[in-house]
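> Sequence:
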Amino acid sequence: MYPPKGLYMPVFYRLCRHIHRRCLVTTKESLEIAKIPSEIKNGAPPETAGETLRVTGGKLSLFTPKVDELPSDMEPLASRDVPVIDKSSFKNYLIVPQLGIKSLFSSQEVKLCENSPIPYKEYVPGTVHAHHYPLFLLPTEYSARISSDIYAASYTEDSRNYKFEGDRRLPLSIGNCAIPHPPQPLLYAILGRPTLLLLFSGNPPNSDATTALLWKNRLEHDINTVAVLNSPSGKLLSFAHKRYLNTLASTIVDKCLFMSIVKSLSVQSTVNMHQYRKELPSLLLIDKSGYIRWHAIGKPTRESSFILNESIKQVLKE
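Numbering-wise, the sequence shown is residues 80 to 397 according to this note's numbering.
Any given hint could be a false lead.
Computed cross-link-like contacts, SDA-like style, restricted to lysine to any residue with a CA-CA straight-line distance of at most 25 Å [stated by the list, open to error]:
{"#": "1", "residue 1": "Lys342", "residue 2": "Lys190"}
{"#": "2", "residue 1": "Lys342", "residue 2": "Thr326"}
{"#": "3", "residue 1": "Lys378", "residue 2": "Pro311"}
{"#": "4", "residue 1": "Lys190", "residue 2": "Ala223"}
{"#": "5", "residue 1": "Lys295", "residue 2": "Pro218"}
{"#": "6", "residue 1": "Lys190", "residue 2": "Pro311"}
{"#": "7", "residue 1": "Lys190", "residue 2": "Leu344"}
{"#": "8", "residue 1": "Lys190", "residue 2": "Thr326"}
{"#": "9", "residue 1": "Lys367", "residue 2": "Arg224"}
{"#": "10", "residue 1": "Lys334", "residue 2": "Leu214"}
What the hints contain is simulated information worked out from the structure, not anything from laboratory work.
Please construct the entire structure, taking both the sequences and the accompanying hints into account.
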């Protein structure tokens, strides 16, 4: 290696010697890190389940932390399952948008159910998180019943798309296959057992099936769950709407029963099903007699999920 022209000779040699010394130090540290303890080399498990590997001064060693040295965020999850209920955010009224013809001329929201004995989660303008849900399970006298004039077509899994090998169910195709069934009153389809309805209208960006099914992932109890689409179509677009329903049903039927409302709802039924905000998914907890005992709008939160599971537990005991 020759020094470049114009560079002072002693400076060049000192620079080369410095680089050489740095390479030797790096090689030495690499060799020390490679010296793994013999119990790890031989594949023997650590004597204590809490032992971990730690690199100190370029050496690899076993380290057993003490319990009182663990950070606070490593506490058992069971001690943090119960969220803090912010009761100050529950009000004895509801803030809802204008309905009917008034909504065309005014965007001002109105206050309903003033001085209600039931506290409801306050709505924060612009939020998509769960709101309008009661603090506890609604008594029957304060609950609305699902109307018997709501007709919905149901979709179930096609058993011919699977084969059984012992206890295993193997799909015969990549996608699921859904079988449509004739429309029937939604009330008659759910009578006799507690049911959780996950309603969505298909309106972007929040009232879709994916957002509605987020509630199902928060359930802690086994309850009949039905995803319901409220987006009826006219005869002009019936073919395209049918294709859309078949595609949507094939993505849902392996998770829960899927139903689609076939005709437009009355104003009162729309309020009962969507809780005043059709642009967001809604959840309805129905008892075995068809009464809405708990409801919520929007995406689930820790607080709303906890109150929902407590309400489901009570309904299942009735």
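> Next step is simple, just say for each hint if it's right about the structure.
Status of each hint after checking the structure:
Straight-line distance between C-alpha atoms of Lys342 and Lys190 comes to about 29 Å, which puts the hinted pair past the 25 Å bound. A threshold of 25 Å between alpha carbons decides the hint, and for Lys342 with Thr326 the separation of about 20 Å falls inside it, so the pair holds. Simply put, Lys378 and Pro311 have alpha-carbon atoms about 23 Å apart, close enough for the 25 Å limit, and the pair holds. Taking the CA atoms of Lys190 and Ala223, the gap is about 19 Å. The hint holds against a cut of 25 Å.
Among the hinted pairs, Lys295 with Pro218 is consistent with the structure: their alpha-carbon atoms are about 24 Å apart, no more than 25 Å. Between Lys190 and Pro311 the CA atoms are separated by roughly 30 Å; this puts the pair beyond 25 Å, and the hint is violated. A hinted pair counts as satisfied when its Cα atoms are at most 25 Å apart, and Lys190 with Leu344 qualifies at roughly 23 Å. A distance of roughly 40 Å separates the Cα atoms of Lys190 and Thr326; the hinted pair therefore is violated under the 25 Å criterion.
Taking the CA atoms of Lys367 and Arg224, the gap is about 11 Å. The hint holds against a cut of 25 Å. The straight-line distance between the Cα atoms of Lys334 and Leu214 is roughly 28 Å, outside the 25 Å bound, and the hint therefore fails.
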